[in-house]
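J.: Read off the chains here:
2 protein chains.
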Amino acid sequence: MAITVISGGVTAAQGFQSAGIHAGIKKSSKKKPDVAVIFSEVPAAAAGVYTQNRVKAAPVVHTQKTAAMGQGQAIVVNSGNANACTGEEGAQSARLMAAWTAQGLGIEEGLVMVASTGVIGQQLPRDIIQSGIKNAVDHLSPEGGHEAALAIMTTDLFSKEIAVQFSLGDKTVTLGGMSKGSGMIHPNMATMLGFITTDASIEPEILQKSLKKAVDKSFNMISVDGDTSTNDMTLILANGLAENKTIESDGALLEQFQEALDYVCIALAKMIAQDGEGASKLLEVQVQNALIEADAKKAAKAVISSSLVKSAFFGEDANWGRILCAVGYSEANIDPDRVEIFLESAAGRIQVADQGTGLLFNEEDAKKILQEKEIKVIIDLHQGSQGAVAWGCDLTYDYVKINADYRT
Amino acid sequence: MAITVISGGVTAAQGFQSAGIHAGIKKSSKKKPDVAVIFSEVPAAAAGVYTQNRVKAAPVVHTQKTAAMGQGQAIVVNSGNANACTGEEGAQSARLMAAWTAQGLGIEEGLVMVASTGVIGQQLPRDIIQSGIKNAVDHLSPEGGHEAALAIMTTDLFSKEIAVQFSLGDKTVTLGGMSKGSGMIHPNMATMLGFITTDASIEPEILQKSLKKAVDKSFNMISVDGDTSTNDMTLILANGLAENKTIESDGALLEQFQEALDYVCIALAKMIAQDGEGASKLLEVQVQNALIEADAKKAAKAVISSSLVKSAFFGEDANWGRILCAVGYSEANIDPDRVEIFLESAAGRIQVADQGTGLLFNEEDAKKILQEKEIKVIIDLHQGSQGAVAWGCDLTYDYVKINADYRT
Numbered sequence: 001m002a003i004t005v006i007s008g009g010v011t012a013a014q015g016f017q018s019a020g021i022h023a024g025i026k027k028s029s030k031k032k033p034d035v036a037v038i039f040s041e042v043p044a045a046a047a048g049v050y051t052q053n054r055v056k057a058a059p060v061v062h063t064q065k066t067a068a069m070g071q072g073q074a075i076v077v078n079s080g081n082a083n084a085c086t087g088e089e090g091a092q093s094a095r096l097m098a099a100w101t102a103q104g105l106g107i108e109e110g111l112v113m114v115a116s117t118g119v120i121g122q123q124l125p126r127d128i129i130q131s132g133i134k135n136a137v138d139h140l141s142p143e144g145g146h147e148a149a150l151a152i153m154t155t156d157l158f159s160k161e162i163a164v165q166f167s168l169g170d171k172t173v174t175l176g177g178m179s180k181g182s183g184m185i186h187p188n189m190a191t192m193l194g195f196i197t198t199d200a201s202i203e204p205e206i207l208q209k210s211l212k213k214a215v216d217k218s219f220n221m222i223s224v225d226g227d228t229s230t231n232d233m234t235l236i237l238a239n240g241l242a243e244n245k246t247i248e249s250d251g252a253l254l255e256q257f258q259e260a261l262d263y264v265c266i267a268l269a270k271m272i273a274q275d276g277e278g279a280s281k282l283l284e285v286q287v288q289n290a291l292i293e294a295d296a297k298k299a300a301k302a303v304i305s306s307s308l309v310k311s312a313f314f315g316e317d318a319n320w321g322r323i324l325c326a327v328g329y330s331e332a333n334i335d336p337d338r339v340e341i342f343l344e345s346a347a348g349r350i351q352v353a354d355q356g357t358g359l360l361f362n363e364e365d366a367k368k369i370l371q372e373k374e375i376k377v378i379i380d381l382h383q384g385s386q387g388a389v390a391w392g393c394d395l396t397y398d399y400v401k402i403n404a405d406y407r408t
Numbered sequence: 409m410a411i412t413v414i415s416g417g418v419t420a421a422q423g424f425q426s427a428g429i430h431a432g433i434k435k436s437s438k439k440k441p442d443v444a445v446i447f448s449e450v451p452a453a454a455a456g457v458y459t460q461n462r463v464k465a466a467p468v469v470h471t472q473k474t475a476a477m478g479q480g481q482a483i484v485v486n487s488g489n490a491n492a493c494t495g496e497e498g499a500q501s502a503r504l505m506a507a508w509t510a511q512g513l514g515i516e517e518g519l520v521m522v523a524s525t526g527v528i529g530q531q532l533p534r535d536i537i538q539s540g541i542k543n544a545v546d547h548l549s550p551e552g553g554h555e556a557a558l559a560i561m562t563t564d565l566f567s568k569e570i571a572v573q574f575s576l577g578d579k580t581v582t583l584g585g586m587s588k589g590s591g592m593i594h595p596n597m598a599t600m601l602g603f604i605t606t607d608a609s610i611e612p613e614i615l616q617k618s619l620k621k622a623v624d625k626s627f628n629m630i631s632v633d634g635d636t637s638t639n640d641m642t643l644i645l646a647n648g649l650a651e652n653k654t655i656e657s658d659g660a661l662l663e664q665f666q667e668a669l670d671y672v673c674i675a676l677a678k679m680i681a682q683d684g685e686g687a688s689k690l691l692e693v694q695v696q697n698a699l700i701e702a703d704a705k706k707a708a709k710a711v712i713s714s715s716l717v718k719s720a721f722f723g724e725d726a727n728w729g730r731i732l733c734a735v736g737y738s739e740a741n742i743d744p745d746r747v748e749i750f751l752e753s754a755a756g757r758i759q760v761a762d763q764g765t766g767l768l769f770n771e772e773d774a775k776k777i778l779q780e781k782e783i784k785v786i787i788d789l790h791q792g793s794q795g796a797v798a799w800g801c802d803l804t805y806d807y808v809k810i811n812a813d814y815r816t
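Keeping their order, the protein sequence lines are chains L and W. Mapping the first sequence onto this note's numbering, position 31 (from 1) lands on 31, and the numbers just tick up by one. Each number in this note's numbering corresponds to the 1-based position in the second sequence with 408 added.
Bound-form chain L, shown alone:
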């Protein structure tokens, strides 16, 4: 299927507006934006995927209930304060964020989804948020995608946006998204957030399944430091303005939609991995020919999460032993004696292990490959035909610095 990348992020699709403004939750002198609103001009099918952490922030608890109805029309997000571990007062603040947004937009409160990211354990400054939401609603624009993406950043070094177009039957459908990174800093900047908008017409239950599938292949396959935040969430709104034949069941239409949604989610996930705290390299781990997909996922995630593997890539060391060792403890069903390992980048490709043991390889070639900024580790299990891909980054001095030395 032809997928065309376009600009516009969450406002690329028809009928979506957004804004990102500085309310004052972030205490920086640079007046960084910290409140974003996304608005669909008509009610949309809505779906969400949420953190598995048992400690769930107030906005997660709130939005999980709201989005379960399958309908939504707006998303309000603040950065600078996670509204996590804040008890009943925090729950009330999340409800108020929805209420203020609904009031400003003239829509029902139940159509507003709420997300937060930032410091854990502090109450939201309600006055600041309230005027910030009002301000954001006033600034809503069909060109507001980029501002919204800036307003959800915490320690991210760059904003993360993408949009694509594709054909669904005789209609052109647009799908756009934005996200923020998963590193956590002082005292607890948290959270992976993802927000997707589309003008596709699709039934809410199908949308929920489709989003879950896409998240499992993308956001759930990245690892910066292995910690799952209290605030993680990915939301999607599908407002139907593309007027395609509504996707109501499995079949070709859903497959095409899924391909585009996967594409957008994977692109956003890779941006998060690349922008991991202190990261100097983007790592991609491809596990091939596993017996079942779950094995491929386990193996890929174990390798991408290994501090030893991550440190080795920072040191540009072709350390196949650490990779094989991580595959070994991943609980994937593997036969160590069949494993092949390859390293690949723009500078070339070498095989470093065969049948579970190391190969002699040219150290110069390895060095050139590992000096690149994007490196692929390909692990062939030679047991079946299932695969999985995971993304992450190297472990650097800067990771420790960001997470230990924030006071200085």
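Don't read these hints as lab results, they were simulated from the structure. Just so you know, not all the hints are guaranteed correct.
Unchecked claim - A few chain L residues that don't get close to chain W, going by computed Cβ distances all over 10 Å: (1) D250; (2) D317; (3) A332; (4) D337.
To be verified - Some chain L residues near chain W, calculated using beta-carbon distances under 8 Å: (5) I3; (6) Q52; (7) Q286; (8) F314; (9) C325; (10) L360; (11) A366.
Backbone N, C-alpha and C fix where the C-beta goes; we use that ideal spot for every residue, glycine too.
Once you have looked at the hints, place chain W on chain L.
T.: Using the frame of chain L, we list chain W on its own:
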């Protein structure tokens, strides 16, 4: 029960001799010892616990079979080469190590257990090992515990030994042990190894269960970087020379033996955590009042393994949010709204969270507590009466340096 700490390590108990010599597997100019032999003058009950990694080094595969017979009389260990990912040639080398040791000692080959630690993926230099084993056998001594402990070190900064005495009925029983650390470096120095000797008389099946229990409370509750090596193993030999009434079943005698074995294993495990690569602090996480022990263990291990928590302690930051977040994603059955968190060290104790939310605490007090070298995190789940303790270390620049920059 009164447990008295004594010196002597693995040769503290009656009838044990050991040696540690330089064979030449380690290529350092300092002629570091790299082959150790432990010998019991009489055949002993034997038991072992092994790595769960699917990629198992040749000595692990070999010893798992040998020790399953429940009898042993000697342990041969080399450092400098893990004999892992070495195929059939490596398997043969592990068998030869047992054969050469048996030959030197004049005992059956099936009574020799083999362990290795060091570089992954390189064949053992058989000539060097063979003459090294001969040399070690010639140097066996009832005072050789310390030399043996030195010979199993890789990146360890200090040798890890302990021995204790306790009364079992009307007899005095001695239990001693040594271990090496779990950090992994260039290119793959691996492995947690533990070797315990005792003159207690105990049935092999009971010994196996008792060792498993002790390992689950000690070596399995430490985390340096979360990676499980291809070579991890803990072995015990119990030669019966203390002439206590043989421990054949559950009961008071076994409880006393278990208490002493737990003590020895926990002491060795804490030394490993303290000597984690790059570590500047020993962290102890106590989880109290869980519904079941498994929940307490999951929560304690998640906290001690979190890169964010570890970085925070390096930065001497009382970051209760990261601790609570790790408890939340641990998959332990907890109610976040009941969790209390305390920080404690030689400098004092403060509570930092109550009912799942942060408390105002004196920053000066927190600073003093966190400046210490040994810090306890106490997490009260307020749900039941089960507990668990885990040990680890902080995440420092030096960890990254050791694991990335070994070339320089």
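J.: For each hint given before, does the structure comply? Return the numbers of the non-compliant ones in rising order.
T.: Hints 2, 3, 4, 5, 7, 10, 11 contradicted; others consistent.
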